[in-house]
Amino acid sequence: MVTPSCPRVWREQKYKYRLVGVRCNRCGSIYYPLVRVCSKCKSTELTPVELPRKGILLSYTIIHYPPVEFKKYAPYAVGLVELENGTKVIAQLTDIDFSELKPGIKVEAVFRRLREQGEEGIIEYGIKFRRALE
Amino acid sequence: MRRVAIVGVGLTKVGEHWEQSLRDLYAQAVLNAISDAGLELKDVQAMFIGNMSSGCLQGQEHLGSLLATHLGIQGVAAVKVEAACGSGGAAFHQAVLAIASGYYDLVIAGGVEKMTDVGTEYLTSALIMADDQEYVASTGISFAGLNALIYRLYMEKYNVKQEDIAQFPVHEHYYAQFVDHAQYRYPITVEQVLRSTVVADPIRLLECSPTSDGAAAAVLCPLEMAKEIRGDCIVEVVGSALSTDAISLNERADPTTFTATVKAAEKAYKMAKITPQDVDVVEVHDAYSILGIIDLEDLGFAEKGRGVELVKEGEIAKEGRIPTNLSGGLKARGHPIGATGIYQIVEIVKQLRGEFGKNQVDNAEVGLSQSIGGIGGTVIVNILRRLR
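Chains A and B are the protein sequences, given in the same order. Numbers 1 to 134, taken from my numbering, label the letters of the first sequence in order. Numbers 1001 to 1388, taken from my numbering, label the letters of the second sequence in order.
In short, the hints are calculated from the structure, not lab data. All of these numbers come straight from a predicted model, not from anything done at the bench. Hints should not be assumed to be uniformly reliable.
To be verified - Here are the computed lysine-lysine pairs in the DSBU-like style, where the Cα-Cα straight-line distance is at most 35 Å:
no., chain 1, residue 1, chain 2, residue 2
1, B, K1227, B, K1270
2, A, K40, B, K1013
3, B, K1312, A, K42
4, A, K88, B, K1318
5, A, K54, A, K40
6, B, K1270, B, K1318
7, A, K71, A, K40
8, A, K102, B, K1263
9, B, K1318, A, K42
10, A, K102, B, K1304
11, B, K1267, B, K1312
12, B, K1161, A, K88
13, A, K42, B, K1270
14, A, K106, B, K1304
15, B, K1304, A, K42
16, B, K1304, B, K1227
17, A, K14, A, K71
18, B, K1157, A, K71
19, B, K1312, A, K102
20, B, K1267, A, K54
21, B, K1263, A, K88
22, A, K40, B, K1312
23, A, K40, B, K1227
24, B, K1304, A, K40
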């Protein structure tokens, strides 16, 4: 399992609490997660950008045999989501009955608890997706 | 660049080796390979050791020194090579570079993984480290889950059914019956696959490579030297290429094709001066059933979306056009992660030498192995040719 670490969770807050990627200043390509160099035009000038919070579900799975730190949450669903600007994100799906899962449904980002680092460690938060409320 | 040959191969049976440690398994494979080459350990100058998770599973790093010590050859150059599930293929690639460059004359490409030391959920945590810990592992997805995302995309994009994809593990279990070192030597049916436990929907247990212990090794040297070491049958490494891709599948335009496979294969075919039609026997990296199908397509043996037809039409059978995974593959031979890429090399060498027993392909001359790290973030393609 991943080694518990307060500094890591603290450092990651700024891009895990919101959907933050980067946009290439030269060619406009968007990356999530952020990268240091644009793979298309090789520019090193990239600016953080907050990504759209709505998208559609492209694919999903239901995890029955989880990594140890997620054991108490199983079974749970994880999806591949395409955001409104075309960026793709892997995230857990929450507040949804498994029978509603279907490629093409509209989903939106919400702020949720991700995992806990044992009895004495820190609790990690971040983005999950739920069915879009309309 | 010097031409590179393989003069010895060795392996352990793949399975649950409760009484053997990582170092025991590795030493057995190396001793078998050295003996097969008719050489002695003192001839070895360097070792590249494929392994993914010894730090996580055994609390043990620094395998180069550890395993050189256990074999009594401390002093040689020895390092662990890690590229997730492609570690074995990557270690072999490094060994090829070491000989081709002229830097060393006798090198061991080894691989070892000891997976049964921990429970399933700890193993699941170790394996997802093959993907991005910060952005992907933190979602709780398992490695099987990543493959499941691709599986569903593939079925939808190409209108392929699970019962067709499930024929891949059935094919492998059939051939594993006749392979002494395979983990699961019994046949299964498509019905059994589709009735087995759901691991990560839609992936079923009998579509997943198992938890395996094992080690394998190959002895490499310059071609000219190989002619002196063994006159009978020399296997040359005619192509070896490693390519990377974006580590996570959400960073790719089309997750149903592994660009790293396409690129590594193109380069390896070019080095070997052959086309996919010239390949006589193949070992692909089918950690999950769907990958076997995608691999056949990405390596150029089938059009995209048509991989299942090769399986259904018997083209990957021993008598078929492109005999594939006659070892039982990752599903039935087993998948001791960092060792698997070397098992594939050993199996191809035995096919080219005509030593593969009941699953021997008639007069096989050119063989190809493909080793995948993570969900296609690294792919190594090696092409071997028999010289008589």
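> Okay, which hints does this one fail, numbers in order?
Replying inline: 2, 3, 4, 7, 9, 16, 20, 22 and 23
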